[in-house]
Structure formats: C-alpha cells, structure tokens
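**Student:** Using the sequences and the accompanying hints, generate a full structural model.
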Amino acid sequence: MSSPDSPKGAVVAVRGLVKTFVQAGPWPWSPERAVRAVQGVDFEVAPGEVIALVGQSGSGKTTVSRIVLGLEEPTDGQILLDGERWDGRTESDRRTRRARYQYVPQDAMGALDPQQTALEHVVETLAVLGGRDRAQAKADGVAMLQRLGLGERLDALPREMSGGEQRRVTLARVLALDPSLVVADEPTSGLDPDRRASVLEALVGNLPEHAGCILVTHDMTEAREWCDRVLVMLAGRVIEEIDLAESEPAHPYARILFDPWSGAVPREPLATQGCPYQPNCPLDTARAPDSPCGRAVPALTAMDGPEHRVACYAHGSSSQS
Amino acid sequence: MSRGDASQVNRLPAGMLAAGCLLLLLAAAAMAPEHLPDVNPDLRYAQPSALPPFGADAAGRSLLHYATQGARVAVVPAIVAGLVVGVLAVIGGLLRAMGLRRIDGWIQGLGEIVGALPRMVVVLVIALILPRDARVLLPLALTWALLAAPGAMDEAAAVAERLGGARFVEALRAHGYSAPRIFLVHVVALNLRPVVVRQMAEVTMQVIFLEIALSYLALAQDQPSFTHPDSLKSWADLLNLGYTWLVFDDVQTGHALALGVALIGIVSVMALATGRAARAR
Amino acid sequence: MSDSTPLLALEGLAIRAPGRMLVEDIDVTVLPRQVTALVGPSGAGKSLTARAVMCVLDVAPGLERGTLRYPALDPTRDWYEGVRGQGVRAQQRLLAQTRHLRGAWFTYSPQAASSALNPGRTIGRQLEIAVGRRDQPPANMGAEIREILGQVGLDPRVSSALPGELSGGMSQRAALAIAVAPKPRLVIADEPETGLDPVLRRAVVELLVTVCKDYGAGLLLISHHRDTVARIADHIVQLPGQEVEEAPR
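Chain order of the listed sequences is A, B and C.
Heads up, the first sequence stops at 321 in my numbering, and the numbers go up one at a time, no gaps.
Heads up, the second sequence stops at 1281 in my numbering, and the numbers go up one at a time, no gaps.
Heads up, the third sequence stops at 2249 in my numbering, and the numbers go up one at a time, no gaps.
It is possible that part of the hints are untrue.
What the hints assert, rightly or not - Short derived list, chain A residues pointing at chain C, Cβ under 7 angstroms:
# : residue
1 : S57
2 : L71
3 : I256
4 : P260
Stated by the list, open to error - Label pairs and their computed distance ranges (CB to CB):
# : chain 1 : residue 1 : chain 2 : residue 2 : range
5 : B       : R1167     : A       : E84       : 48 to 58 angstroms
6 : A       : E225      : B       : P1194     : 41 to 51 angstroms
7 : A       : E91       : B       : I1103     : 29 to 39 angstroms
8 : C       : T2210     : A       : R295      : 27 to 37 angstroms
By construction, these hints were calculated from the structure, which means they are not laboratory data.
Bear in mind that the values here come from a model prediction, so they are computed numbers and not experimental data.
All C-beta atoms in this analysis are idealised placements derived from N, C-alpha and C, irrespective of residue type, glycine included.
**Tutor:** Have a look at this one:
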C-alpha cells in the first residue's frame, strides 16, 4: 500500500501531521478542552540520517515521535514508513513490521522486565522477533551486549544496573533487530554528562548503516554533536529545520534555545494567534505596529539553501495558507 | 556459574519437593474410602506389622484409612481454595497491567467492602447455616478464598503497577511483542508468579487451620470433627487436654496427634517449597 | 551582620567510607548574596558535600577531618567538634542537634523536584508549612503564598494543585518556591536544572539567584552545566578535592 508521491528511499515521511487531544473539564458537566499538541508538521528522514527533534516540554516533539511509531493515532496527516502508509493500520497489521521500526523509551527501567537478566532480554528479542533459534540468539545477544560495553553485566538484573547500563540494555534489544528506524525519546535524560556521551555513542555508533534515527532531546550540545539535522519545534509546529554543521540558527527562539544566555529570557506566554513566539520576540519585525507576526502563522520556508528552513517573517517566510 | 544457571539449580529441588508433597496428598485423597470399614475387635491396636502401614486404632480400623480420609477432607478443599485465590489474583494483576481503569476501580471498591468483613465470623455463620448433610469443608474453604481474594488481588495489582503498568506494556508493544507474550509471559509468569504463588500457599495453609478451628464447633455437635464425623479425635479435644496428652496414656490420642501433625507438616512443607520454587529473583 | 560575614565556612572536609576516602580536603565558603558553585564529575561527592554542609552525615565511618562554621549564625562554634572520627553515633547526634536549622536557616532543594514535594499535600499547604518556619511568620499567609508563587512564575491556582498534577517544569519551580519560602539564609540547590530545556534552565537558575539576592541569602549550587556556572558563580569549588580551585569572579 505505498503512496505514489513518497520520496524515493526516505525511511520516514511525515505529511501534515495534526494531533489534537481532548481533555475533559474539571467537572462532569464542564466542556471538554481541545489541546492542539501538533499543528501541522512535515519532515522526512533519509536512510543513514540522524535528526533531532528539539523543543520545550509541550512543544509537541514527544507526541510527534510517538505518532511516527503508531503509539498514538494522528488526528490528521500521513505517516509513511519505507514508503508505506503506517497510520490507520490495525495493530495486528503493524506488529509484524514493528521489528524494523523501533522505539527507545525515555524511561529505560520501565521498559525492562525486572525478572530478566540483560542477556535474557536480548535473547528473547532475537528468538521471538529476530527469527533466530535459541543457540544463535544467545551467541548474537552476547556479541551485541559486548559491543555496547555490557560484557561484564550479562547476568545482571535491571535493579542491579546503573541508569546508563539500563539504557544500554534497551539499546541492545533495539539494535539487535537491525531496524530501519530508531526513535529515541530523550535517551540521556537524567544522566550525567559523561554517561550521556557513552549512551549516545552506543546508539548512534551502532545504528545499521541505512537506518534512520529520530532523537528527541532538549540537550542542544547533543543535537549539535550527533545529529545531521535539527528540527526545532514550538507550540506544535516546526519553526526551524537546520544542519548545524552548515548554518547557525536564525529563528529567535531557536537562537535562545541553543545559547540560553544570549538574549532575554522569554517570559510571556505563547500567542494563540499568528506566530506563537511574537510576545517574546526581540526582532523589529515583531514589534512593528503593522507587523504580520500577529496575524497569521508563518510558513516554513527555505532560507540560505534548501537544507535550512525557518518559519519567521523576518527571514522571508510567507503566511501559512 | 552464571546467575541464570544458579537460580535454576536452586529452584529445582524445591519444586520437586513441592510436587512430591502435592502428589502424595492427592494420592492419599484419591485412595480414601468413602466410609470407614466396620469395627474389627480382633485387630484392636494392631501393630503396623499386622496391618500396614500404620496399624489399627481402638476399634480395629486401619489408621491408613483415617490418614487418607483426612487428606481428602482437608487437603482437597484447601488446594481448591488456593487455586481460586490464585486465579483471582492473576486477574487483579492483569487488570492493572492492562490499564482498564474502570473495571479495576469497581473491583477495588467491591474488594474494599468484602475485605472489611471479618473472615472467621462469616465462615462460622455459613458453617452453621449449612444443612447437615452439606457440612463439608469445601463451601467453607471457597468462602474463605473469596474473602481473601481482594487482598491478594490488591497485592498483585501493586506488583503490576511497580512493573510500570501501562508504560511497560506500551514499550513492549512498541518493540513488537504480541499481547499474549506481554501479559502471559512477562506480567503473569515472570512477575506476578511469586506473589500469586505465595498468596495461594497462604490460603491453602489457612484452610487447613480452618479445619482445626472448626473442630471447636464440633464440640457443640458432640462429634470429633465438624466437617466429617469419622475422624479419630477432634482437634479441640487434642488441644484441650492440657498436660495429660504428654503422658500418652491414651493411645488413641497419640495416633490422632501423630496423623494431625503429619498432615500439617506435609502441607507446610509443600507451601514453603512452592514459595521457594516460585520466588522472585 | 554585614554582607561580608560568611554564611558557611567549611574547611578541610574529609569523609571516609569502608576502604576509601569519599571526599578529601574540601573547602566551601558561601557569602550572603553570592553564589558558590560545586562542580565535578559524577561520583565525585557533590551531593555528599552538600549534605555534610547541612550536618547530614550518613556514611560510616564518616567524618574524619574538617571544621564547619556558620559564622553569621554563631561566630565561634565549630559544629564538627566532637564528631570528627567519632563514628556514626556522634553523627546522628549532630543530626538531631541541627534539626531545627534544616528547613529554616538553610534549605535544600534536591535533584529531583519530586523528592522535594510531598505527593499527598497541595502546593499551597506545603508552602504554608515552609513559610511557617520563618522567624517571624507573615501577617497574611495567603498573600505571602501568592507572592512567592508569583516570584517563581507560577499561577496562584497552583496553590490548590497536588504535585502529581504539575508538569516537570512547574514542579521544579514549585520545589524552588518551597526552598525559598522560609526565607533561609542559605539555599542549597542540588542540580536544579535537571530535566529542563535550556530556556527553562536559565529561567530557573536566574530565579534562584534573584530570589537569593533579594532575600539576602547565599546560594550553594551544584551543577554540571558549565555555561550556567560560568555565568552566575562568584566562587567555584571543584571536586575531587586534591586541588581545590577557588576562582573568584
């Protein structure tokens, strides 16, 4: 069931993704509130590419990552994995393919079975999902764990492992399946700087050659160091798409995200009409009396090259239709 | 030796011991005669050599019959009660793991009411209401099991919660595991197993002791056992004798005590061994 | 009491665990309206030092050397007197003796906001308890609580919320509010930026610093974010303690 206009070879293609959550009011008779978590997101991940989804909590980055894998259903839009529609499929349909599209959850401990050792986790994965027989699964499992530096911890239970080790066991399980896509939700949260580097190295360093990776993070140094492209999200939209090796962030929010001490701290709540960042924006364009910023949301437009796109009127965006 | 191998080695003897005890008790229960044989004065207090394996009592009846009857009367209902609690506990744990909040909520509410009832009193009331010919341990054991179930379900739900509840299930689902594998293998077999088995063993033991407690009721009916009129001597009598039983001048008392203690001993060993074999890592 | 009298003067701290020294030769000074940062790799003993500063010594055999003074509170007393090398009992006695200081004279904001907040009580009630520890309770408790919440950028409605109902950033700020509510002389913040995005991180840190300066308190900040430390620290204490760098700004 492939879509005719999916780009050749993209591991993930997200089109017009919208997700609105319905939140019940405080009382049984109160009206429900609609929370627009994602308001129109488009992007692609090419084979071998690692992209970062960054933004503050509430920006929609986690929701997008969950929808890509089918953990949530989108309200509107399409998800294409390896050119095939993923959203709208039944769960039993998806289950057979899940081995190729893997998820590394934020809470590593919560994804591990407290009654299984590190090796048992990986052996089960390989035997049940990887089509290996027990002996082969064990051999491959040992090899995988050794590659991730867990050679001494094969028989450790999750509660006996440190946070970093638990993360690496979840990574081992995921990478052992040779996936085409890995979505990692803040894989280094709660770890010290030295441990963070080792977990990311374990992840990115051991990705299959043609795999795509989506890394949800709010550590900008990580995004800069490990990712080919960074997507900055704000209020449910992508406001900048940038290759940090080539360009510097242009959007005022992205700039402050990457260097928090460079400007004033944004204190005003986000605007619900027009560009969400307008109340905090230091640029003249936003402050001008007949500014376009308050009227309509700016569209993501290419800036200095097709790789660098910004949603900012000051940088040449037009309104979103 | 890796951890995996070591714990396997530890569980095996315990598991075999538990299985052995269970088989012994079930075999005894199966062999039990419907009614005791007739009185035979020639064999009064016969030695084990004359009437294997345990000899005869004051009425010349083989003590083996008492033993097997005791097994049937007490042990089978106890095991059934244990199974009932086990099944309900697994359900309680699964509901929490599946995140079925509403059903979980109702059952918790119901459980709170049931759990507040004084177990012994309820059982005694039912015991006295039962018609004479229906006075066996099984309905009382089932009542006990149903009263104990809310607590067991709660504990199992807590274990499921600690596992990570819905997040754990979601992570495994995203990984690609099927629902049966997630719930039956990971939630039930690996994680709920220790607490459920422990609850089952506990209830089984409690029902055995319930049988003992009920013998005090039997005093009111002027028979040795409340649930079964053919026993050697009631527990109430045995435990009521004060210092005299130490003297063992009544052989009957000695027999009764020996068989009773043996029964409790085997059931206890079975419960402990089962707990050990099924324990968490 | 001037702004030059230190709130905290710790010298030569050395704590032993079975088989090794956990920290050695640590000096920490905190002056009013100033920020001292405690930095170092994980496992170097930052949290241990922070607890030692509060007289919470929970390792055996424990304190071996060091002197601890709170000059602004009591110019001469060395609180480690009688505890050095005396084992766990003496440490527990010190803990009991200094109980009245914790939560009042100095407050501690732990790494995870969730451990600072009591999950069973509303934020408002927890703030009320914290404010109640001041030397002079305010005339209008409700107004005071609203003001504190405003200072940390939280809506007054948060007062009736339970910790579980708050997002990560909000509970971090609530924990901060509780740490500053008793108007302590010294605030010890253990990695308050954990789990926050860069913008929120800066906001929280700036808030800590501003509130401390407004109240005339000193701040002992544990952080592993170099940019934060470079920006706001007046003094830096680097662990492990073979070479203690005191780098005045």
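**Student:** Now tell me, hint by hint, if it's right for this structure.
**Tutor:** Consistency of the hints with the structure:
1. S57: With a minimum Cβ separation of about 6 angstroms from chain C (threshold 7 angstroms), the hint on S57 (chain A) holds.
2. L71: With a minimum Cβ separation of about 20 angstroms from chain C (threshold 7 angstroms), the hint on L71 (chain A) is violated.
3. I256: holds, 6 angstroms
4. P260: holds, 4 angstroms
5. B:R1167 <-> A:E84: 48 to 58 angstroms: With Cβ atoms ~28 angstroms apart, the hint is violated.
6. A:E225 <-> B:P1194: 41 to 51 angstroms: About 44 angstroms separates the Cβ atoms of E225 (chain A) and P1194 (chain B), which means 41 to 51 angstroms holds.
7. A:E91 <-> B:I1103: 29 to 39 angstroms: For I1103 (chain B) against E91 (chain A), whose Cβ atoms are near 21 angstroms apart, the range 29 to 39 angstroms is violated.
8. C:T2210 <-> A:R295: 27 to 37 angstroms: holds, 35 angstroms
In the structure shown, a violation is registered for the earlier hints numbered 2, 5, 7, in ascending order.
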